[in-house]
Amino acid sequence: MKKELLLATVAAFSLSACTTTGWNSNAVKGGAGGAAAGAVAGLVYASVANKDARTAALVGAGLGALTGASVGAYMDRQEAELRNSLANTGVTVTRQGDQIILNMPSNVTFRTDQSNVEPQFYETLNSVAAVLQKYPKTLVDVYGHTDSTGSDQYNLELSNRRAMSVANYVSGRGVDPRRVYVTGYGESQPIASNATESGRAQNRRVEIQISPLT
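According to mature numbering (1 follows the signal peptide of the UniProt record, and there is no 0), the residues represented by the sequence shown are -19 to -1, 1 to 195, in order.
By construction, these hints were calculated from the structure, which means they are not laboratory data. Ideal Cβ positions, reconstructed from N, Cα and C, are used throughout, including at glycine.
So the derived label-pair ranges between C-beta atoms look like this:
no.	residue 1	residue 2	range
1	E99	Y135	19 to 27 angstroms
2	S174	A50	35 to 43 angstroms
3	G43	Y135	41 to 49 angstroms
4	R92	V40	33 to 41 angstroms
5	K115	V40	18 to 26 angstroms
6	N97	D57	28 to 36 angstroms
7	G43	T177	43 to 51 angstroms
Build out the structure end to end from the sequences listed, making use of the hints.
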């Protein structure tokens, strides 16, 4: 059952000396959101609406939405800067229509079975956050994925914690948390076969989907 949650208080949670505020969190199966909340002390959750509510909140706060031809041009510029800043980092940049997807393999982001971002990946996330700050008229969805090793519940919780760690980090680097939505998918959305080690490695990932505010 899908649960939609909002961090309703400021979280005194630090990554690399960064203090973050709350963002939306969505658990695809029961339990992931609660597990992630338990991993970060001091978070209080309340019910929130969907993507439309995020858009309405940002537009209502004075951030104008993109319209017409400006959408594609805005995303083109952002894509070019992301490709330039993320070259040779292990992060892939994919364009799908007006959306940009960043794929962050777990082997460059986290230790095995851990959800804290590895220090050597901070610089890469700093680059991501800088571009997201420069282009504020976008929504940022952070998706966590695992391979099929382990139980469904364990994988769901791990994927959600990892997605929250990435969201927490970029929020701490100045990205407006009202733009950010977190989802843990566990093992449910593989991009390769789990029958091989190379396939499992591809499936262990965090994705950031960047969508225009329209």
